[in-house]
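From just these sequences and the hints, can you work out the full model?
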Amino acid sequence: MATAWALAELGRTDTVLIERERTCGAHSSGRNAGMIRTAVEDPAIAVLARESRAILEKCSTDPDFPPIPFHRHGSFLLGATDRIPAEVREAGDHRFISMADAAHRVALLDGLEEAPVLWTPGDGIVETHAYLEQLLARCRRAGVRVVSGTVAKRACVEEGRVQGVELDDGRLVCRNLVVAAGGWCAEWGARSGLPIRLEPRRRHIVCTEDLPGLCSDGWPWVWDLDSGFYFRPESCGLLWSPCDERPDHPGLPVRDPDCAEWLAEKIADVVPRAGRLRVVRTWAGHRTFAPDSRFVLGADPRAEGWFWAAGLGGHGVTVAPAVGRRVAGDIVNAASPEPEFAFRAGLIPEDRGDHRSEVTPERSTTRRTG
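Going by the numbering used here, the first residue of the sequence shown is number 1295, and it counts up by one from there.
I should point out that these hints are in silico values taken from the structure, not numbers from a laboratory.
C-beta: ideal position from N, C-alpha, C; glycine also.
Hints may contain errors.
To be verified - Simulated DEER-style distance windows between Cβ atoms:
no., residue 1, residue 2, range
1, Ala-1431, Ala-1397, 34 to 42 Å
2, Lys-1352, Asp-1463, 34 to 42 Å
3, Arg-1469, Ala-1639, 21 to 29 Å
4, Thr-1375, His-1423, 30 to 38 Å
5, Leu-1461, Val-1548, 26 to 34 Å
6, His-1423, Glu-1453, 37 to 45 Å
7, Cys-1509, Pro-1360, 23 to 31 Å
8, Asp-1552, Val-1467, 46 to 54 Å
9, Ser-1392, Thr-1355, 31 to 39 Å
So, in structure tokens, the structure goes:
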């Protein structure tokens, strides 16, 4: 959706958004934690994160569209000293505070061993479904044709150029195609003759009640980079993730019934008070990665008119607007994505068996006609 919106803003009103499901964002986009994080390990991703957060801030209060609840309560990163580069920390609204100061804001951190905590006051939590609804509304108002409940089976590539897309009810002629199919990107590329190394990985979410006497409302979200878990306020109390990364097939991920136990093991020594929290519900979602964990944005040199917006590795909600602008700019020759995200040799499988062509069909693709 972000690329379709960006194309429309650049004057390309002949854009069509294809979604297999009845509603957009039914999979990875709609099953994530909604945390806006700008202090990340990769400086190139940090640039997109800061730019996108600024766009989100403007969109969240735009009176011409449905509001986007963006709770700017900030973020705490534990273990960030050696993991977040100085150039990232110095470029944004980040600063180190003491663990004691952090515990004044997040009582669950009380009693933890003293260590620097990276505080980013402009981060927060966005209500993802409201965000997706506004993006969709912006697309429609700009003239984007949204087609839901339609399967895009494969791209039609002839003589090294995109000529159209085969749908379950016919063929759509187009000259430019943006593949933004999340975990299905590898499958979709393989069926269209352009295999790519992109892997969906499963991650779990565990929702718990608050501890008696604690109210997490208004807390910053907290991510322990060393131990590998995060938590944030949620309507039921707290939302947690053990930050698991297990390779998976695209589709609706199967929830592991032991995910709450993994979380309990990870947090036992860090926040022992949390061991008494009652689990309310759990679910799983997907994040999709390239082998080098960097995004894949822009043109694929193997087929003229083919563009990727893929491999966002869980950063999608944070970076979507900037990613859309980069890919749209590449299509209209206005600007190219950062070189770190360009198509690279390591994305091509060594043989045709390196992709998962046996898995269920793709979900969504975004492309423009003409």
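The hints, checked one at a time:
{"no.": "1", "hint": "Ala-1431 - Ala-1397: 34 to 42 Å", "result": "holds, 41 Å"}
{"no.": "2", "hint": "Lys-1352 - Asp-1463: 34 to 42 Å", "result": "holds, 38 Å"}
{"no.": "3", "hint": "Arg-1469 - Ala-1639: 21 to 29 Å", "result": "holds, 26 Å"}
{"no.": "4", "hint": "Thr-1375 - His-1423: 30 to 38 Å", "result": "holds, 35 Å"}
{"no.": "5", "hint": "Leu-1461 - Val-1548: 26 to 34 Å", "result": "holds, 29 Å"}
{"no.": "6", "hint": "His-1423 - Glu-1453: 37 to 45 Å", "result": "holds, 42 Å"}
{"no.": "7", "hint": "Cys-1509 - Pro-1360: 23 to 31 Å", "result": "holds, 28 Å"}
{"no.": "8", "hint": "Asp-1552 - Val-1467: 46 to 54 Å", "result": "holds, 49 Å"}
{"no.": "9", "hint": "Ser-1392 - Thr-1355: 31 to 39 Å", "result": "holds, 33 Å"}
Of the numbered hints listed earlier, not one is contradicted by the structure.
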